[in-house]
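Enquirer: Protein sequences appear in the order of chains A and B.
Residue numbers 120 to 474, in the working numbering, belong to the letters of the first sequence in order.
Residue numbers 22 to 488, in the working numbering, belong to the letters of the second sequence in order.
Please keep in mind that the hints were generated in silico from the structure rather than gathered at the bench.
C-beta atoms are modelled at their ideal positions from N, C-alpha and C, and glycine is treated no differently.
Incorrect hints may have been included.
[Said to hold, decoys possible] Taking CB as the label site, the calculated pair distances span:
id, chain 1, residue 1, chain 2, residue 2, range
1, B, Gln-104, A, Ile-139, 45 to 55 Å
2, B, Asn-233, A, Ser-315, 30 to 40 Å
3, B, Glu-312, A, Asn-363, 13 to 23 Å
4, A, Glu-170, B, Ser-45, 28 to 38 Å
5, A, Phe-290, B, Glu-157, 47 to 57 Å
6, B, Ile-65, A, Ser-193, 22 to 32 Å
7, B, Trp-462, A, Phe-299, 43 to 53 Å
8, B, Leu-35, A, Ile-139, 22 to 32 Å
Listed below are the residues making up each chain.
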Amino acid sequence: MNIHLDIFAFLALTIFALLILTYVLVIQVVVLRLIHGYQQKREQQFYAVWEENIFLFLEGDDNPQTLIKKIKRSKYLYLLHYLREFFLMLKGDDFQKLSAIVNKTKIQPFLISQLKSGSPKKINEAAYFLGLAKSAAARDILRKKLRSQNASVFLSSALALARLNDIDAVFDIFRNARRFKFVSKDSLLAIFSEFSDGICKPLLVNLKREKNILIQSISITLFRHFKFYNAGESVLKIMVYSQNKEVIIESIKFFSSIEFIEASTALRSLINHPKADVRTEVLKALAVLGNESFEQRIWDCMYDPEYEVQYNAVITLMKLIPGSEEKISQFAYGNLKDRAAAIARMVLSERNIRS
Amino acid sequence: MNIVKYIVFGFNSLILFYFLLVCSIYIVLNIVAFFKMIKYNSTIKYLDLKRVFKLTNYKPISVIVPAYNEENGIVESLKSLLQLEYPDFQLVVVNDGSTDNTLQKLFENFSIRQVSFTPFYKLKSQPIRSVFMSSEYPNLIVIDKVNGGKADAINAGINLAKSPLITVIDADSVLERDCLLKIVRPFMEDENVIAVGGTIRIANGCNILHGNILEVGLAKSWLARFQVVEYLRAFLFGRNGFDVLNGILIISGAFSCFSRDALIAIDGYREGCIGEDMEIIVRMHRKLRREHPKLRITFIPDPVCWTEAPETFNVLRSQRMRWQKGTVDSILLHKKLFMNPAYGWIGMLVFPYFALFEMLGPVIEIFGYFFFLVSFSLGFVTVSFAVAFLTTAILYGVVLSVLSVILEELSFQRYPKLSQLLTLIAAAFLENFGYRQLTTWWRFRGMVEYFTGKRHWGKMEKKGFAK
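Next comes chain A alone, as it looks inside the complex:
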């Protein structure tokens, strides 16, 4: 009976606690919504008032300080959010004028103070807008933030430095990225692609002595992105000796994109690489870099065990060898039970529909 009473007391207490908790939670949801609604309303009011002013500023020759003087410090972020898409779209003189709104007004010290704060949320926000506006004044603080233990602070600082085109920070970014488990190659590429093509020269100098596979692979991808022809010879040397699939594939894609004919002999030896993705990439590149002397090797690839290789062999043959379509057609429809012929038939009929 005592146990029963104890449980009853426990339940009664629990009910009391749950009732209070439910009440608090419901109030919290409603308060959150009201706060959000209020903020949105203020934002809308701000836009309604300032939309015209901002467009007039962009069209005219006014001093940005005159415009910003009228805006309260508490509303700077509204303005920045409003300008976000413009920062991403505009170029040339328009961009300069837009960035002056941040760089030549009180907004810059405001953002820098946010950047110096201890809150990752504020730091990320400030770094984002300082990067968008290419605020050189934030460079040193951003470099210090690369050493942050917080991955999101590291990433937002690195992105801002990339947008500032701070090429001296490139290797600092690489070094610090290694500290984080979840900073992937693709995340780094997204950051590095924000630099100008000036990033290629230091990357090339570094590549000649670089042993780290991730840095090799990212450097080569960036050479492709910026079509940096001067890196051709060095990348070729790396590809020939590399055992890493990623590095080899990136190198092949790079040669193809800059039409680096000198790589065609090296590609010939990779046509029998044990990895199917490498063989596929070689075939795609040969469609650009190859010549008629490759024809037999490519025909052989149509009997590869992997479909991607077979499929690309047919496409490469059609692109590389003039008049090969008839020969492929004869092969495709003359060997009805052959898998290679079936793949050829598929490519031909797809091509037929697309044309």
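Go by the hints and put chain B onto chain A.
Expert: Chain B in isolation, oriented as in the chain A frame:
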């Protein structure tokens, strides 16, 4: 009499312990999900998704759409899907032996013509009759095959898909335009990711035109509103919470994305399976993660897909019974995972949780009600105690539901009007008075049917999005 009393008291104590355990787990999941959502929001806020892909380092995606008797909605769905924002994707529609005019509709609207084909992979599926390509939309492929069910149709689609990532969706799903950009992000951020799920939301009450959500709204029927709260609870704290342990055991079949190599490695979807969406994820954990523990199956909390919820008791009953059969099926098929330390958190925590609370939950709850009634009628439990216990259980349910509404409020706020929010809070209260007990009863019946051999899918009727 004393023995009966001790048995009943023992069972009641067991139920109380079970209740406290499940409450504690839910609280932990909620706390974990709360912090994860805050972190996720700060990460996603300043990410310029479209700029991330300017380096042509994106991974091509094949979107597989299994379709069976979808003549009413297939054209609208595909037109909407063809407008998804992604630089390189292929749409593979699998007509799974439809007996209506699905294929005819595709002929009429997409200028499809037959092409020669060879399956690239050898996943088991019913024979493919023909493959078509569209001359108007170069990225549209239609496969016409002998009927074999959803899993079979997806396997046929994978066999002909060319991209390294495979997204599987339901033909009647309404997708967010940037869903592919969002779902591919985990694959880009972490090379070990093999599967990603996204949050599914209820489309009833939304203003939908040509397969696009124009305005988010709440359904007029309370049955659908209860399901909105249920989905928020399942996705925002359930899956988010388990994701921290790399312990996602189910990704919704309405929208999921996989690495093709992972799908091929486990021989694709299992034919004849009732809950194929759960079974494939459990199998990925079992077959792939044991050898490669670093592999990840993850989840993004962004709402990426909207689906129609049943608005009649019959259809809802059929759906819940099927879901329960699917859960039981997947758990029994992979029972080797249970308390198996070789599988880490999955074996020692997540799988046992699913077995004890998701699979056996309805049975324990129904027996709990039964013993409670017995105790009450035999006078072992006083009225005040009975009322106190039931009140606690119901209030706890309310707290959990309101917490998920808070998570939604902190993150995506997809229901913009205050009246909608208040309706959701009301639904979070009311669903605990009858609706939850009813779904528990249906799940219990689902289990009974499973063990008595009735393992068919049941009929699932949908009204469709009229506009």
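Enquirer: Are the hints correct? Go through all of them and say.
Expert: We went through each hint and held it up to the structure:
1. Gln-104/B <-> Ile-139/A: 45 to 55 Å: Roughly 49 Å apart at Cβ, these two residues keep to the hinted range, so it holds.
2. Asn-233/B <-> Ser-315/A: 30 to 40 Å: Roughly 38 Å apart at Cβ, these two residues keep to the hinted range, so it holds.
3. Glu-312/B <-> Asn-363/A: 13 to 23 Å: Holds, at about 22 Å.
4. Glu-170/A <-> Ser-45/B: 28 to 38 Å: violated, 52 Å
5. Phe-290/A <-> Glu-157/B: 47 to 57 Å: holds, 50 Å
6. Ile-65/B <-> Ser-193/A: 22 to 32 Å: holds, 25 Å
7. Trp-462/B <-> Phe-299/A: 43 to 53 Å: Distance hint for Trp-462/B, Phe-299/A holds at roughly 49 Å.
8. Leu-35/B <-> Ile-139/A: 22 to 32 Å: For Ile-139/A against Leu-35/B, whose Cβ atoms are near 29 Å apart, the range 22 to 32 Å holds.
The structure does not agree with numbered hint 4 stated previously, though it agrees with all others.
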